[in-house]
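In order, the protein sequences belong to chains A and B. So that you can map any letter, position 356 of the first sequence is 709 in my numbering, and since no number is skipped, the others follow by simple counting. So that you can map any letter, position 86 of the second sequence is 87 in my numbering, and since no number is skipped, the others follow by simple counting.
Just so you know, these hints were derived from the structure itself, not from any lab. Don't be surprised by glycine CBs; every beta carbon is placed ideally from N, CA and C. Be careful, since some hints might not be right.
[Said to hold, decoys possible] Restraint ranges, calculated between C-beta atoms of paired labels, are given here: (1) 618/A with 160/B: 51 to 59 Å; (2) 704/A with 99/B: 18 to 26 Å; (3) 423/A with 143/B: 36 to 44 Å; (4) 718/A with 71/B: 46 to 54 Å; (5) 143/B with 433/A: 46 to 54 Å.
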Amino acid sequence: MMHKTTVRYWICQLLGWGGWTLLNLAFFYFFLQDVYWKAGERKDLLLAILFIQFFWYIAATHLLRFFLKKINWIKFATEKVILLFILSVLVTGLVAYYGSKATAVASGNSLVEYEKNANLKQAILKEKALGLSGSSYYLATENNPKDSLNYASVENIKKSTGWYRNQLGVWKYEEQHKGRFWWDIIFTFILIALWLLIYMIWHYLERNRKDEVDRLSLEKTVKELELKTIKSHINPHFIFNSLNSIRALVDENPKRARTAITELSNILRSSLQVEKMETVPLHKELDIVKDYLALEQMRFEERLKVIMDIDEDTLGQQVPPMMLQTLVENAIKHGISKRINGGTIKIISRFTDKDFELIVQNSGNLEKKFDEGFGFKSTRDRLKFLCSGNAYFKVEEIEGTNVQSKIVMPVES
Amino acid sequence: MLKVILIDDERLARSELKRLLQEFPDVEIIGEAANAQEGIEKIESLNPDLIFLDIQMPGKTGFDMLTELEKAPHVIFVTAYDEYAIKAFDVNALDYLMKPVEPKRLADALFKVKQKDEEEMLSYNNRGILSENDQVFVKDGERCWFVKLSDVRLFESVGNYAKVFFGTNKPLILKSLNALEERLDEKVFFRANRKHIINLRMIEKIEPYFNGGLLLDLTGGEKIEVSRRQAVKFKEMMSL
């Protein structure tokens with residue numbers, strides 16, 4: 354099974370050079386039909402030569418590709434690539450040009466050779482028409498000064514056909530359209546340059562696209578990592594304070610101490626388990642929050658009051674794990690724990706027309722220069738990430754006596 | 002006997018500490034406080050040798066409370082995991098214990114306090130004048146120090162604040178120069194002019210200055226002018 358990119362490469366090669374060959378054919382057919390199409394022999398030669406060129410262009414550029422792949426050009430500096438470009442065009446152009454020429458000659462399909470032969474016949478005909486055949490008009494120059502009729506005849510025939518007789522009377526050929534060679538080879542260079550340009554641009558674009566994909570997948574990984582750290586993030590300050598309270602309770606109220614140990618275990622366990630899940634049903638999240646609040650009530654005693662206003666229908670609603678927990682933790686950290694007489698935490702969960710709302714309220718005021726900490730920022734990021742912008746999160750002061758953080762998520766139907 | 006006050010907003014945390022301290026017969030708990038305000042009142046009325054202090058408390062933090070004290074008693078900080086506070090402790094070599102408190106570490110900390118006490122032979126004079134062996138707690142942004150008054154070269158008035166010069170530091174404390182002057186031992190600290198109180202033991206050079214004043218070079222390189230009126234007093238003191 355060939356690699357997908359290799360298949361694509363060959364399709365491009367065949368379509369590209371095939372298209373070019375067809376374009377050539379069309380050109381000859383429409384503009385030079387008289388010369389190349391009517392006479393059967395020329396037409397065959399033309400087709401043969403176009404086929405040979407088609408083959409050599411593909412061979413030469415394929416060789417170039419092989420070489421470029423081997424040296425891993427894409428990593429080169431720009432100056433080096435430019436140099437490489439020029440060199441590649443020259444070498445590949447020459448290979449393609451001389452390769453197809455040699456093949457055409459060797460296989461007897463050279464149109465140039467054919468034309469030469471045709472011209473020789475023309476030259477002989479012309480000689481006859483001028484009444485020169487049989488004479489030795491081509492001999493010794495002192496009898497044939499430059500302005501003589503004989504010399505003019507030689508030049509005449511040579512100019513129109515390229516053929517002339519040398520001193521010995523042997524027919525010789527001299528190409529009369531020198532520009533044609535240069536034109537042909539430069540044309541080959543241009544074609545190869547075009548090919549290489551497309552090849553290189555393609556690869557540059559491909560690389561950019563790949564870089565982009567790499568960058569995106571990296572971003573995704575980073576986000577996932579962030580999620581993980583949030584999930585496993587249980588405030589160590591809370592853990593050690595709880596342990597300290599439990600230790601005090603062991604003598605004072607052993608029964609409460611035992612429940613507290615269970616509550617703390619639940620929180621630690623769920624914070625470890627939760628890492629595998631993107632969302633959890635609300636009732637599961639509430640279990641953790643209740644344990645958490647029970648432990649905080651053990652610490653703060655009469656300073657912390659809790660009110661739960663949970664609509665039973667919402668218990669199955671999927672929520673990001675540890676998100677409510679984070680909000681409650683913040684409410685205690687910034688609200689209750691800063692107040693000498695403590696306060697109340699109220700948790701509300703309900704459906705509105707088309708949204709699901711999760712609200713945490715706590716006594717207190719928004720700090721004057723309220724700076725969103727890690728908890729709030731990550732809550733916002735997670736919501737954006739999980740609900741692709743359809744959910745939002747807001748923290749505000751209400752009635753001047755409470756701070757409310759509110760999550761609104763669209764209800765999935 | 003070491004007279005001790007416990008300051009922590011959590012009742013359970015205090016009762017746990019009390020239980021731990023029962024093992025030390027030479028420690029007497031003379032009071033408890035649940036926040037910084039109560040703490041200040043208790044400290045000023047009961048004058049303890051040592052306080053156990055929580056950092057995170059409602060209202061003011063433990064650090065804030067200390068800066069408000071005229072003079073700081075020995076302090077052992079007690080905190081649960083708190084990166085910010087632990088950094089402060091380590092940088093400033095303060096004594097601290099982590100909750101839940103390990104009895105062994107508590108014993109070590111108490112031992113250190115008693116040792117320091119004996120070294121300095123602190124005389125806990127009741128309120129009134131601060132001796133040069135007394136320490137004050139100074140906080141400047143994230144950094145904080147217990148500074149012994151004998152290490153202070155100079156107090157400089159900056160509005161309602163006073164800048165305290167010691168070592169290479171000069172943090173601000175929220176105290177007026179006049180209030181300081183009243184409480185400082187006048188055998189050691191001298192009001193050189195309207196803006197400065199200097200430590201007499203930190204003078205390196207005395208030069209006459211125009212207008213009948215004096216110019217004092219302190220060990221830290223500060224040059225302090227003594228006004229003409231104060232110069233007379235200064236010469237009197239020095240000639241004794």
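Hint by hint, here is what the structure shows:
no., hint, verdict
1, 618/A with 160/B: 51 to 59 Å, "54 Å, holds"
2, 704/A with 99/B: 18 to 26 Å, "45 Å, violated"
3, 423/A with 143/B: 36 to 44 Å, "59 Å, violated"
4, 718/A with 71/B: 46 to 54 Å, "32 Å, violated"
5, 143/B with 433/A: 46 to 54 Å, "53 Å, holds"
The earlier numbered hints that this structure contradicts are 2, 3, 4.
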